[in-house]
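A.B. asks: Here is how the chains run, residue by residue.
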Amino acid sequence: MIDQSVMRMIDWAYLGQYALLLANVFFLLAAIIPLLIGKAGGLFQGKVQSAFNLSTKSQDDSDRWVLWSFVVGFLHLAVAMLLLIICLLSDDFTVRYVVENSNTALPWYYKISSAWAGHEGSLLLWVLLMAFWGILYIVFSKGEGKASSIRWLSLVVIGFLLFLLLTSSPFERVLPQFPAQGRDLNPLLQDVGLIVHPPMLYLGYVGFVIPFVLAVSGLWTRSIDRHWVRQLIPWIALPLGCLTMGIALGSRWAYYELGWGGWWFWDPVENAALMPWLSGIALFHCALMAKSKERLLHWLLILVFLTFLLSLMGTFLVRSGLLSSVHSFAQSPSRGMVILTLIAVFVGGALWLYARRADEIYRWSTRSLQAAGRDHAAKNLKARENNRLLLVLLANVLWMTLLAVVMIGTLFPLIAAAANWGNYSVGEPYYHQLLLPIAIALLLLMGFASINSVWQRSSTTKRVFGLQIDVYRYARLTGVLMVIISLSLAFWLGFESDSVRLVLTLTLIIWCALQLLGAWLKNTRITIKFMAMQVAHLGFLVLALGIVWVSHRELEYEAVLYPNQPIELADMRLELLGSSQQAQANYISLQATLQIDTPSEQLILTPEKRWYPARDTVMSEAAIHASLWRDIYLVLGEPVDEQAGAWSVKLFYKPLIALIWIGAGLMTLGLVMSLLSRVMERLKRRFIADRYTNNLDEWP
Amino acid sequence: MHHVDSRIEGYAAWWLLSVFALLIIAFAVALVLVPNQPKPLNKHLGQSVPTLALPVIALEGEPPMAIDPTRHSLLSLPRHANDLVLLHVWATWCSLCRHEHSTWLEIKAQYPGLFIAGLVLSDTPSAVRDYLQHHASPYDELLDDQRAELAQALGVLATPETFLIKGRTIVAHHYGGLTQEAWQRKFLEFMP
Amino acid sequence: MTELILSGHLDGRDAIVRVVRRMALLLMLLLCVFLPQIRAEVGDQSFSSSLVTQEQGSRPEAVTEQRRDNDYFTNPDVQARYVALLKQLRCPTCDNQSVFDSQAVMSKSIKRTVFIELQKGRSNEQIIDLMTQHYGEFIHYQPELSMLTSLLWVFPMLVLIFGVAMVLRWNKKRPQQESHD
Chain A
1 MIDQSVMRMI
11 DWAYLGQYAL
21 LLANVFFLLA
31 AIIPLLIGKA
41 GGLFQGKVQS
51 AFNLSTKSQD
61 DSDRWVLWSF
71 VVGFLHLAVA
81 MLLLIICLLS
91 DDFTVRYVVE
101 NSNTALPWYY
111 KISSAWAGHE
121 GSLLLWVLLM
131 AFWGILYIVF
141 SKGEGKASSI
151 RWLSLVVIGF
161 LLFLLLTSSP
171 FERVLPQFPA
181 QGRDLNPLLQ
191 DVGLIVHPPM
201 LYLGYVGFVI
211 PFVLAVSGLW
221 TRSIDRHWVR
231 QLIPWIALPL
241 GCLTMGIALG
251 SRWAYYELGW
261 GGWWFWDPVE
271 NAALMPWLSG
281 IALFHCALMA
291 KSKERLLHWL
301 LILVFLTFLL
311 SLMGTFLVRS
321 GLLSSVHSFA
331 QSPSRGMVIL
341 TLIAVFVGGA
351 LWLYARRADE
361 IYRWSTRSLQ
371 AAGRDHAAKN
381 LKARENNRLL
391 LVLLANVLWM
401 TLLAVVMIGT
411 LFPLIAAAAN
421 WGNYSVGEPY
431 YHQLLLPIAI
441 ALLLLMGFAS
451 INSVWQRSST
461 TKRVFGLQID
471 VYRYARLTGV
481 LMVIISLSLA
491 FWLGFESDSV
501 RLVLTLTLII
511 WCALQLLGAW
521 LKNTRITIKF
531 MAMQVAHLGF
541 LVLALGIVWV
551 SHRELEYEAV
561 LYPNQPIELA
571 DMRLELLGSS
581 QQAQANYISL
591 QATLQIDTPS
601 EQLILTPEKR
611 WYPARDTVMS
621 EAAIHASLWR
631 DIYLVLGEPV
641 DEQAGAWSVK
651 LFYKPLIALI
661 WIGAGLMTLG
671 LVMSLLSRVM
681 ERLKRRFIAD
691 RYTNNLDEWP
Chain B
701 MHHVDSRIEG
711 YAAWWLLSVF
721 ALLIIAFAVA
731 LVLVPNQPKP
741 LNKHLGQSVP
751 TLALPVIALE
761 GEPPMAIDPT
771 RHSLLSLPRH
781 ANDLVLLHVW
791 ATWCSLCRHE
801 HSTWLEIKAQ
811 YPGLFIAGLV
821 LSDTPSAVRD
831 YLQHHASPYD
841 ELLDDQRAEL
851 AQALGVLATP
861 ETFLIKGRTI
871 VAHHYGGLTQ
881 EAWQRKFLEF
891 MP
Chain C
893 MTELILSGHL
903 DGRDAIVRVV
913 RRMALLLMLL
923 LCVFLPQIRA
933 EVGDQSFSSS
943 LVTQEQGSRP
953 EAVTEQRRDN
963 DYFTNPDVQA
973 RYVALLKQLR
983 CPTCDNQSVF
993 DSQAVMSKSI
1003 KRTVFIELQK
1013 GRSNEQIIDL
1023 MTQHYGEFIH
1033 YQPELSMLTS
1043 LLWVFPMLVL
1053 IFGVAMVLRW
1063 NKKRPQQESH
1073 D
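Residue numbers (the numbering used here), protein chains in the order written: chain A, 1 to 700; chain B, 701 to 892; chain C, 893 to 1073.
Because the hints were derived from the structure by calculation, they are not lab data.
One or more of the hints may lead you astray.
To be verified - So the derived list for chain C, only partly shown, Cβ under 7 Å to chain B, looks like this:
#1 Pro984
#2 Thr985
#3 Gln995
#4 Val997
#5 His1026
#6 Tyr1027
#7 Gly1028
#8 Phe1030
Claimed, not checked - Counterexamples of contact, computed for chain C against chain A with all Cβ distances above 12 Å:
#9 Thr966
#10 Ile1008
#11 Glu1009
#12 Gln1011
#13 Lys1012
#14 Ser1015
#15 Gln1018
#16 Asp1021
#17 Gln1025
#18 Thr1041
#19 Ile1053
#20 Ala1057
Since this is a predicted model, take the numbers as computed values, not measurements.
Backbone N, C-alpha and C fix where the C-beta goes; we use that ideal spot for every residue, glycine too.
Modelling step: build the complete structure from the supplied sequences, incorporating the hints.
C.D. replies: Okay, here's the thing in structure tokens:
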């Protein structure tokens, strides 16, 4: 594709190393400029300004210089990434990273994606994306104190960039004797899923750095109040959306690439991505509530720090070698120590700052309200708001409990091994046992919260656990409805003992969906914000439905097939039509062609076995016929009788599994819609600004 | 009233900070203590060898074996009751085993009197014979563990693995390919 | 039934609400009509009960031998127990994969042992015990309850109790007033 001799004329890797160094310099500048030319002339009493002929209205100038040097730093990082990709494309085997992750026979698109398949490259992507969030923040945020947040962000980026440069530079050389061929990309990673999944996941992971620096800078400049929360919300919603999408893509990738028919394995690396997601959801809900409740600011700050801590912890666990997993990188404990130090410095520093200023937060946050002559804290909440607040807080406690389950399950084997208490494994049965009751409680709360949004006061209102409930109405809406749903489900699914759990969970899901529908019908003023919430909640229900249904109703068969001798599996007829061997660019493929006749259709599926000579690995490529209702998933096992051409095959029938990814997609859509509502509101405010001036505090 | 509360929140924040510090210290300790990719210790170290009769793979030159129960359960054989037996779990399809083969030949040359038994997992006798004809054989006896039954009873994780048995008790064990370094670290002290 | 479901929410007299309500009813009716089809696609209970039936090709002995090797019980209850056990056991060779998912030699060996023990009529606990004797606690994906492993259940429980207590305390302290919507 690209003329190699031209590509080799320039020493790209050398330039790359320089780009990284320069990026570091610029981020450093962004962090320290205000010290040089800040307030009252900065450290050097105006000498810097006069030397460079700058104006002495220093505050604005220094702010502008901070932003610009950050942007230039980001551009250098982007160039470094580009140079790494060029090294990979030009098969420059003097670079260690290229030797370890690429091969001349690799197709060009996998050469590009191998830029984030190894530890060094993915860390570069990590830092690049971190800076990219900074750019997004510079462009789209319109708050004061922008420069202050960007300075804190520069410090975080510098930390990771130093880690990259000092312990794991992607441009390190193998000189003077370099190999003629690379070790190839791990075959597991040679897949379209890998091209999109890690960047998306990292975008989510790393994005929580923005709430983090906003919190630190807010604490530093003593400006945490309602307005601060409002500008924080989109910077939670965006990374959370990316993380949701990233996890969903990752699970989809595992589903068709690992070839075990599962879509979630409770693997430590998956858990590492799940933990910031769980905490991110709690954070998002907390931020939505804290818009109008100053007392929630403490919870909000702690959740911001926790979420950032968890996303750093994820990368620490994956890269330090503490956990063994299918997905983990080549690891070394010394790297782990560096990441641990970074975590200790950043999160520890932020917590220290918070501890120093925790007493004052209440004062700052009510400052503007008191100035306006109103004491919001003393204002009584309407019963409806009170109920909703309480339910959301309880739901947050449940999300935290989920987090605790995943966290202890992931760390327990580690703790036991470190303390020499023995080797333990924690897996699917444990998680299923604990997650099911929590998920049921979450569904209940979600349903209640939907009723609550159409709550009306009547003569039968009672106070139950702080909730103000119209008891009869609730009894009718929940008890009666649930009995009806579960009875009809039981008639449909049968009264066997094994379907009891299925009926229970389905009842809850349907009940919850009806509450959502009811809230929708009842609501007279449907805003985009309301729609966003409904879509996201619906996504959660769809996800739950998919999980519940597929885990109770999936079927699995194993059979041995001889060519042209069909066998019957339940109501399907399975026939091996033949198999063929082909040499591809960097692997040899053995492809079987099978015909499946179901009562309604005839399918031709072609599962594969691939042998990758560079790493002497055999991979199974599953053949999946996906539809909305069910997936038929076929994997080749082993050759049983080579002369006769017989194969053992595994066939999975997975009903409604598509709902899992559709649900995740809906949740992301909901988060994106919540951003849209802000854009709309901003536009509206601009057009009718004079009619509703200063209405900031009036919003729910 | 809220002043009192906010002071409580301040204390809570310091408390949080110390929990975080403890967490970081715990991780640092774990990082130092836990070796890279920890493997479970073999449960049978210090315990007696499970007895299980397995067919023997006859090498070239030996007459093909009839089913003989005394020769079928090497590990309960009286003649080895007080001897050292080095048990090597391997297979011809295992690439790590091919890499360590030279080490095994060296050990056999060093200790000609040491009884080395091979436990061959899920393999065909003819493939084993072919392999050992091409590369010399360090084994005194080869057991055919077609369904990895004895291996399972021994708690084998994966091929290759090495057990040192003294008087029917397992005294030393090694995961993965055997190297001279591993030999000296784990097995040398038991050698006469 | 549908009337009851909706009546809880819909006591508005608005014309629009009434239209939407009728549409919802229509939707539900349609759902009822198409339910059998959906059920045929999704539910299929006939599917699972005829798990073992199989047409024998011209090499029946080879096929049945292999089938037995892959281990199927004709009794669906035992088969379910068998699969559940395999999912609880960890493949010794692999990186974090269950025996059920794995094709490694050691996993096959464990599958066979579990199969044989089930045929002997052993209980789940006895089989897990046997595997723990061979491999230690490591082999079991759900650790046995002990002083140490109780941490796995106690820690989330503490988080839950602490969280709920905090929320309720917080709620109690907030000034409340019966207000009217």
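A.B. asks: A cut-off of 12 Å on Cβ-Cβ distance, and C:Ser1015 was said to be off the interface with chain A. Does that hold?
C.D. replies: holds (16 Å)
A.B. asks: Does C:Thr985 pass the interface hint, meaning its C-beta sits closer than 7 Å to a C-beta of chain B?
C.D. replies: holds (4 Å)
A.B. asks: Would the least Cβ to Cβ distance between C:Asp1021 and chain A come out above 12 Å?
C.D. replies: holds (16 Å)
A.B. asks: Taking 7 Å as the limit, does the beta-carbon of C:Gln995 come near enough to a beta-carbon in chain B?
C.D. replies: Since chain B brings no Cβ nearer than about 11 Å to C:Gln995, farther than 7 Å, the hint is violated.
A.B. asks: Determine whether the non-interface label on C:Ile1008 survives the test: each CB of chain A must be over 12 Å from its CB.
C.D. replies: holds (18 Å)
A.B. asks: Verify this label for me: C:Glu1009 is non-interface relative to chain A, using a Cβ-Cβ cutoff of 12 Å.
C.D. replies: Correct as stated: the minimum Cβ-Cβ distance to chain A is 18 Å, above 12 Å.
A.B. asks: Against chain A, does C:Thr1041 keep a CB gap of more than 12 Å to every residue?
C.D. replies: Given a closest Cβ separation of 7 Å, the condition is violated.
A.B. asks: Are C:Phe1030 and chain B close enough, Cβ to Cβ, to be under 7 Å, as the hint says?
C.D. replies: Interface hint status for C:Phe1030: holds (4 Å vs cutoff 7 Å).
A.B. asks: Does the claim that C:Gln1025 lies off the interface hold, with its Cβ farther than 12 Å from every Cβ of chain A?
C.D. replies: holds (14 Å)
A.B. asks: Is the hint on C:Pro984 kept, meaning its closest Cβ partner in chain B is under 7 Å away?
C.D. replies: holds (4 Å)
A.B. asks: Under 7 Å is the threshold here; is the Cβ of C:His1026 close enough to any Cβ of chain B for the hint to stand?
C.D. replies: It holds, given that the least Cβ distance between C:His1026 and chain B is near 5 Å, below 7 Å.
A.B. asks: Mind verifying the non-interface call on C:Thr966? Its CB should be farther than 12 Å from each CB in chain A.
C.D. replies: Consistent with the label, C:Thr966 stays out of reach of chain A, its closest Cβ about 14 Å off (over 12 Å).
Hints 3, 18, 19, 20 from the list above are not met by this structure, while the remaining hints are.
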